[in-house]
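Participant: Each chain, letter by letter, is given below.
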Amino acid sequence: MEPIVRTEGLVKAFRRTEVLKGIDLAVAKGEIVVVLGPSGSGKSTLLRCLNGLETPTAGTVEVNGIRVDGDMKPRIQQARYREIRRQTGMVFQQFNLYPHKTALGNVIESLLVVKKMPRAEAVEIGRRLLERVGLADKCDDYPSRLSGGQQQRVAIARALAMEPAVMLFDEPTSALDPELVGEVLDVMRQLARDGMTMIVVTHEMKFARQAADRVVFMDDGAVVEEAEPAQFFESPRSERAQKFLRQILQD
Amino acid sequence: MWMDMDLLWKNLDFLLRGAGYTLQIAVVSMFFGFFIGLAVAVARLWGNGPVRWLAKAYVSVIRGTPLLVQIVIVYYGLVDFGITLDAFTSAYLALSINIGAYLSETFRGSVLSVPRGQLEAAYASGMTTWQALRRIIFPQAARVAIAPMGNTFIGMLKETSLVSVITVTELLRSAELLIAQYSVYMPFYLGIAFMYWVMSTGFSAALQYIEKRLSRAY
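In the order they appear, the protein sequences are chains C and G.
Here my numbering is used: the first residue of the first sequence is 1, the next is one more, and so on.
Here my numbering is used: the first residue of the second sequence is 1, the next is one more, and so on.
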C-alpha cells in the first residue's frame, strides 16, 4: 500500500549541526508508529519536519500526497506545508492550549479561522470531540482551570478538529504528573483503535509495547532500528538499542 | 495669595477651554500614535532588513531626543523645507510621532512575551501567519501591553504642556496668558495643576477598568 507519510533522505541542520542525517521513513495508513530514542536523537525534529514547524535542509517529506523538497523555494515550502498542516494534527509536550479561549474555543478555533465554518456547526463538532476525550462537562472552562491531563486531552480534541489524516504526538505525556499520564494514553489508545494514523514520540515504553504497530528507534539523527514492538523489546538487534533499553529499564 | 483665588473662578471658563484642548491634543495624538506604534512594532518584528533598520532608527532617534526639541523642529524647523504647519497640526504630528516610538517598544515586547508554542500550535492547526497573529498572539499580547500603554498615555497627557511653546493655547498656555494679564502666579498654576491631576486620575481609572475587563477572561 502507498504510504501516507514518507520521508526520503531527510536532512535537517541547524547552522552546521546535523540533527537529522538522512531519514527514510514510511508510514502506512492506519499504522501506529512509535519513535523511541535517547534525548537529542532528533525524534522531535523529525516530527516537526513532517508538518513544517522545521523545514528540511535536504531530502523529501511527503504527507498524504503533498510533497516538500529541501531544495524548494521557502515560499513554496511554506505553501505546501500549510496544505499538509490542514491534514495533520499535532499534540505538543507543553499542550500549547490558547489560554484566552475556553476548552471549546480551543477546539473550534481552526474550524472557524481556517475552515471558515459557521459557528453553530463548529460548536457542534467541538462538543462531540470534547465528549470523545471525556471532557463534555469542561467545554466552558479555561485551560488555567484544567489539570495537565485534561489540558492535553483538550489539545488532542483540538488536533482532531480538522479531521486530520495523520496525528503527530510530540512527547504528549512528558510534562504530566505520573498519575495523569494514564488518562491521556487511554485517549490515544482509543484513537488508535478507531484507525487513526499516528506517529508518536514518547518515553512511555508500555504504550509503545501495547499500542504500536512498529517501533522506530533513533539515535544521533539516524534511524538505527525498525521492528515490531515485541521483537524490539525482546531482542533488539542493534547495540545502541540494547543499551537504550537497559538504561530505560533500570529506572 | 488666597484673596486672589477668586481670579481663578472668574477665569474658569477660559482655563477649562485650555483643558479641553489639552485633552483633545492628548487623545488625537494617542489615537495616531497607537497605529504608528503598531506599524513600527510589526516592522521591527517581521520586516525585512531595511524596514527593520528604519524602524529601529526611528525609535532610537525619537527616544534619544527631547520631545520639546521634536516639537520646535516640526513647527519652526520644517518651515525651512517649505512645510508650514499650523500650531495644532504641528502638535498632533510631533506628539503622535513621539508616542508611536514609545508604544512600538511596548507592543514589540508584549508580542515577544507570548510563548513560542502558541504560534506553533496555531501554525500546526493550519493557520496562516496573519491568522495566528490576529486570533492567537495579539489578544494575549494586548493583555500584557495594556498597563505600560496606560503609563505612556498618562505621561503623554502631561507632556502636552510642552506644546505651549508653539503657541497652542492648551492648559498651561491658558494659565500663562492669564498670569501675564493679572501678574499673579499661584492661583493659576495651582488651578491647572489640579486640572492636570483630575484628568490623569480619570485616565488611570478608565485604564484600570479596561485592564480588569481584559484579564477577567482567564
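Hints in this document: simulated from the structure, not taken from any laboratory.
Mixed in with the good hints there might be a few duds.
[Said to hold, decoys possible] Computed beta-carbon distance windows for the label pairs:
| no. | chain 1 | residue 1 | chain 2 | residue 2 | range |
| --- | --- | --- | --- | --- | --- |
| 1 | G | Leu112 | C | Pro118 | 56 to 62 Å |
| 2 | C | Lys21 | G | Gln208 | 54 to 60 Å |
| 3 | G | Ser215 | C | Thr55 | 35 to 41 Å |
| 4 | G | Pro50 | C | Thr55 | 22 to 28 Å |
| 5 | G | Gln208 | C | Gln190 | 46 to 52 Å |
Small disclaimer: the values here were computed from a predicted structure and weren't measured.
Quick reminder that beta carbons are idealized off the backbone N, C-alpha and C, glycines included.
Participant: Work down the list of hints and note, for each, if the structure agrees.
Facilitator: Evaluated hints:
1. Leu112(G) / Pro118(C): 56 to 62 Å: Given range 56 to 62 Å: violated, Cβ gap about 35 Å.
2. Lys21(C) / Gln208(G): 54 to 60 Å: Between Lys21(C) and Gln208(G), where Cβ atoms are some 56 Å apart, the hint holds.
3. Ser215(G) / Thr55(C): 35 to 41 Å: For Thr55(C) against Ser215(G), whose Cβ atoms are near 37 Å apart, the range 35 to 41 Å holds.
4. Pro50(G) / Thr55(C): 22 to 28 Å: Roughly 24 Å apart at Cβ, these two residues keep to the hinted range, so it holds.
5. Gln208(G) / Gln190(C): 46 to 52 Å: holds, 47 Å
Hint compliance for this structure: hint 1 is the single one not met.
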